[in-house]
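Based on these hints, arrange chain L on the given structure of chain E.
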Amino acid sequence: MIDVNLMIENFPTFLGGGSGEPVLSTTDGLILTLELLFYSLVGGLLLSIPLGLMRVSKNRLVASAVWLYTYVFRGTPMLVQLFIIYYGLSQFQVVRDSWTWEYLQEAYFCALLAFTLNTAAYTTEIIAGQIRNTHWGEIEAAKAMGMSKWLMMRRIIIPAALRRALPAYSNEVVMMLQGTSIAGLVTLADVTGVARRIYSDTYMPFEPFLMAGLIYLAFTFLFVWLFKLAERRWLAYLAPRKH
Amino acid sequence: MFLQGYLPSILEGAALTLEVAAASLVVSVFLGLVGAMFKMAHSRALVWLAELYSTVVRGVPDLVWMFLLFFGGQMLINDLAERLGWAAPEINPMIAGILTIGFIFGAYMTETFRGAIMSVPKGQMEAGLAYGMSPLRVFFRVTAPQMVRFALPSFSNNWLVLVKSTALVSVIGLNDMMYKADTAKSITQEPFTVYMVVAAIYLLITTVSIVALNALNKRYSTGVRESEL
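Sequences listed follow chains E and L, in order.
All you need for our numbering is the position in the first sequence, starting with 1, plus 818.
All you need for our numbering is the position in the second sequence, starting with 1, plus 501.
If we strip away everything but chain E, and leave its shape as in the complex, we get (with noise of 0.2 Å):
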């Protein structure tokens, strides 16, 4: 019932080669997909670190402002954010007639947009929860240290909190690698996106579809696989004694 021939036959169309006919470009496929997931993880990362101090400031208004933003970014299908901003921003001519256009007509950066505000949104929620959980003992010890508030985040408080949130941060990473594969249903060739290609070339669903679910199935190990070994080595003393 499944031909394992076609799955193997059109394995390399996954990564972006093969006859080529369902793809449009060489970077197709899980190269897209690995690469729109890079971006808007380092994107979101970058963004999350400041917006995450402010989710904790004693500023209400700023506080606030952080939470609005990842509560309706929280709240919301990601899929619905990228609609909104691949084809709801062109509703606006100002938007047409600026230099932004270029790049918002674009499916990839638009799915690079929505991605890594989206990202940015959960991961803001994570280091910020962190930061919320310091032991008052290490703030006091740096405080009586005579270290600046800015000296103190950047030297005990954040580093700290950062690797405490990897647990949460590996299963976000794992959500965006399944996330990504929504921008197939804004013209883009990712792996899901070439796997419907195939489908309405061939109109066998199984060999397509379990391709591409095998190819998720394996980044995710790869993932959690890389994140046990960074736990090991940057929260080895948060770990169970063994002995």
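Read the hints as simulated data drawn from the structure, not as lab findings.
Dumping the calculated SDA-like pairs for lysine to any residue here, alpha-carbon to alpha-carbon at most 20 Å: (1) L:Lys623 / L:Met541; (2) E:Lys1046 / L:Thr556; (3) E:Lys1046 / L:Val557.
For chain L alone, kept in the frame of chain E given last:
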């Protein structure tokens, strides 16, 4: 007129989205309970099966599952009908969507319920068995009421993710909110307004869910002592 009168149509879609979400929740709770029981069963095969289910399902995107189960399932059913000499049956996308989402979130619920059941002190179940209750009765009278408190936080999270996943069901032909929005977008030429309305409705659903689940959590945590630093 706001959105050229397309608002009622989007609201209709929202009702269908909610229906799909609620029905898939029922399916996922059922599969989650079965999965959790399998995981704690004495049979190696059952444990392995449940482990495979919860790992594989959670490692593959919802969208891929939907394509795989919907298109694949359709082909299987057509094949089967052909071999039996029947006419190819029409597959109801509503039922297909509900079963697919239920199947995916059953894997998440498996983990939720397994953790919750393990958090109930073992003596409680043993006492029930010692009274001569059947294992099923022990589950419903003793384990279930006590595990709710442990399951709720993760259950709430799963429900919120499930609701957001329903945004994908229009790809398999359901006339949900996203489908209606797509029609409204093409006709009104106001894509931003249309999708902002959709986002607002989703936000309303998640907000109401959070408030309700917090109240439920409070109710089930009655009498639990909390210590503060």
